[in-house]
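> Quick mapping for you: the protein sequence lines, in order, are chains E and Y.
If you count by the working numbering, then the first sequence holds residues 1 to 522, one letter each, in order.
If you count by the working numbering, then the second sequence holds residues 1 to 522, one letter each, in order.
These are computed hints drawn from the structure, not numbers from a lab.
Since the structure is predicted, the reported quantities are computational estimates derived from the model, not experimental observations.
Treat the hints loosely; a few may be bogus.
The list cannot tell twin chains apart, which means a pair is met if one copy fits it or any two copies do.
Said to hold, decoys possible - In the DSSO-like style, the derived pairs of lysine-lysine whose C-alpha atoms are separated by at most 30 Å in a straight line are:
| hint | residue 1 | residue 2 |
| --- | --- | --- |
| 1 | Lys-379 | Lys-23 |
| 2 | Lys-23 | Lys-416 |
| 3 | Lys-66 | Lys-23 |
| 4 | Lys-79 | Lys-23 |
| 5 | Lys-465 | Lys-379 |
| 6 | Lys-391 | Lys-115 |
| 7 | Lys-379 | Lys-491 |
| 8 | Lys-491 | Lys-7 |
| 9 | Lys-115 | Lys-388 |
| 10 | Lys-50 | Lys-416 |
| 11 | Lys-391 | Lys-66 |
| 12 | Lys-23 | Lys-12 |
| 13 | Lys-65 | Lys-447 |
| 14 | Lys-377 | Lys-14 |
| 15 | Lys-23 | Lys-10 |
| 16 | Lys-491 | Lys-419 |
| 17 | Lys-416 | Lys-477 |
2 protein chains.
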Amino acid sequence: MGFQDAKNMKFKVKLLGIEAGGKPIIVMDDENASLLGIHSSDRVEIAYKKENIIAIVNVAGDFPKKTLGIYEEVRTRLKVQSGEEVNVRPAERPESLRYIRDKIFGQRLQGPEIKMIVMDVVERHLSDVELASFVTALSIRGTNMDEAEALSRAMVETGQTLDFGKGPILDKHSIGGVPGDKATLLVVPIVSAAGFTIPKTSSRAITSPAGTADRIEVLCNVDLALEEIRAVVEKTNACLAWGGALDLAPADDLFIQVEYPLSIDPLLLPSIMSKKKAIGADYVVIDIPVGRGAKIQTIEDSQALARDFIELGRRLGMQVHCAVTFGEQPIGYAIGPALEAREALSTLMGEGPVDLIDKATSLAGILFEMMGVNSGKQKANELLRSGKAEKKLREIIAAQGGDPNIKPDDIKTGDKTAKIVSEEDGSVQLINNRAIAQIAREAGAPKDKAAGVLLRRKIGDEVAKGDALFEIYAKSKQKLDAAISLAESLKPMGTAQRFGEKMLMDRIPTTILHEKPFVLER
Amino acid sequence: MGFQDAKNMKFKVKLLGIEAGGKPIIVMDDENASLLGIHSSDRVEIAYKKENIIAIVNVAGDFPKKTLGIYEEVRTRLKVQSGEEVNVRPAERPESLRYIRDKIFGQRLQGPEIKMIVMDVVERHLSDVELASFVTALSIRGTNMDEAEALSRAMVETGQTLDFGKGPILDKHSIGGVPGDKATLLVVPIVSAAGFTIPKTSSRAITSPAGTADRIEVLCNVDLALEEIRAVVEKTNACLAWGGALDLAPADDLFIQVEYPLSIDPLLLPSIMSKKKAIGADYVVIDIPVGRGAKIQTIEDSQALARDFIELGRRLGMQVHCAVTFGEQPIGYAIGPALEAREALSTLMGEGPVDLIDKATSLAGILFEMMGVNSGKQKANELLRSGKAEKKLREIIAAQGGDPNIKPDDIKTGDKTAKIVSEEDGSVQLINNRAIAQIAREAGAPKDKAAGVLLRRKIGDEVAKGDALFEIYAKSKQKLDAAISLAESLKPMGTAQRFGEKMLMDRIPTTILHEKPFVLER
């Protein structure tokens, strides 16, 4: 197909044979770019046979004339071969760019404007520069509830949605930030054991040592297609699936790609709520861990965020309750996919840490009470203690292709281990969440599922000089040594002779060995 | 050279053979990226023999394992061949990223922080995402005078500077936005004819139909190296050179690359003033065109901007005066490189439009008065009318390799022409600067030097039905037709029976055929 326009030009295709990270980018020589009136980052429309796409131009000084360098993303959409001829013309700037500028200049955006931005994000019509500018403007100008609602709706509408044909649908989400939080592995079986439907999708770790999907993958397959999820939910009332490949609110994954290098997270609310809406949730409990070292530091901030979640849920047709939870230390003792899966399984089998049990039953209990059950937490506890939740998890594992008879000891953890011991008698006064997470990552988690950290003490526990504070698990000696040396420099557990007596928490200036990492987990 | 660190990996080089627009980008497969703990947009340090550079990673799903895809920018700096082995390890995030985040969160930046950002911009350690975020944050948060000063100094210090070994150095700059502004071609010879030194560097058009460098290039060579500039200035007390290849304040060119797609210009002041400082200017006159269709719309805004220029100049050790000029219509009659060069030459030879003469002599006159001359404008007029300025321009043309005897008629303009005529009797009430600029660009300017627009009437001129309002010049029938059809839809000149009697200027909603273009010229 050609264009009926004056300003178009024929180019010969040169396949570059590499990906551009999902972006539809083409390379063009500067001379012909100039003839077309095209600068780097401008958009062109490319026509080949019946296909017609918008791509972003990378102008190169030293590129063969009248040749169009084509990355894999463009090749697969145009279905074009090397040497073939395509028609190229300048494309209009997307209308959404005007709304991004409006946001830069402080205007509130309307629903249709936000929809157009999100559509152009998903269709890849916006460059990294434009996307980064939008996310930065959102971060500085903020979003009001109308904008958050419009963003959520647009993110749902530009992706897949699920309808299980039976209701109500329950869901649970944590805003994250606390290592070792395997509560989902307990909440889902407890809730579904009570007969409710909870089709849980989770993410993998981005900056943490384990995401829920990484933990579950130790027990069974998590990479399920939509039809497989439907079948598992049909059979068990639940699922524990990875959400990444389901195309639920796909705009979010593209926003994350620019939020991550900038370490800003202005889309937290619409990002989470759009994924809940896309899966068809009716009742949602959201866990907001609070404290030094968590994402939210104060009770006041957590309450403000909770009110926003509840209001945004109401507008999107979901009933939301929030749980503000203690986030000053890891949940349970295990950090790292395999260690956490083992701890979760043991807990469902009757032997688990008090904090994990309390958190999981509290969250499940809130969902039960939202469904009209009295004493929700008590009911959750009964389902846990009676073994019904364990039985349900094994059903889910079987439905997702795992071994339903798996025992905690069957789960392999790294065989290179080291103990980090206390240098004094006393008790543990604080645990640095982020330092623990970094050490577990240095040991190889989440890529090495068997790697991680196992705490031997938690806050308030007594310890004698030479007693283990925590253990590091790794697959190789090299990674173990790297994690040990990081542990020695970060000193993630602070001890005092008596709890609360050591007042100096940090000294500035000090040798900052590792910058505070940005936590981007949803 | 290798690294003494645990976390590094050997890769085999694969040369991609294409440029990445100046950015040091490498491509890596997702599996090894993950092992290195690298996400897309993260930075790595690459070591090969004695070379060692920082590059930005593009993670590709389908790229050969343990292979490093290398763009031309990285190849030329590493001096590496295909198949050779390089060492790769994660690089620390640049410290400047923290200051970019500080700016996002509304902090004022200190001098050393700004210096670090600008250094990382020039060294290409920041990705497009980070650069776009910084420029967006500057646009929203604004810069105070301390920051503008620090930005200017950092931009000077990260580039070349010129020292002519004789003083004082005079300079002239327009913030741009008005088509047909060839005043520089008169101001420079007038000022140097008086014995003052004015080594003028100019830019090419980015979004306009002609930059000063494009106009001069019709008469002589503008692409001079630093040594050539020195020789021309030695001989003539002046030069008319293109600044683009001189590496004066190179950060600015990189900022422009993200400002252009976003249509924001938060670095206007430091950008202009750093270039003046780099060339060693002591006395500077800055032209601020004002009016509907110019960059600055009101006298109040122009005064505020002028005060900032003066104060920033003072801090940088330059004396600055500003001229607020009438910017509601093009300067003179000619728009487009060749048409404008011809008009400027004719004007120096004694036959030129009143507004161009008035503007050029006013600006030169201000510089004269800054140097202690009484009645500066009168002196400028004398130098113009006596032919001394013409003689000086011909000296400069000769020194820059052009024909010193060139006559206006020697300058070729496009031989495909069309007249756009008035549809009624009356007088011209307004001229839309941006529409005129777009029509000239559509006709081929600035790439086709001979293309452009020649006005036949200006504001207030009487016109009869069928009289020419303006002519379009193009090199090809195709471009001429495109420009005619754009002219017909934009109607860039408004006529009324009597000036001021036609009150309706625009109707909304109306068919918006062409969006208002963003003017980015410095």
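> Honestly, which of those hints from before does the structure not fit?
Of the numbered hints given earlier, those the structure breaks are 1, 2, 5, 6, 7, 9, 10, 11 and 14, listed in rising order.
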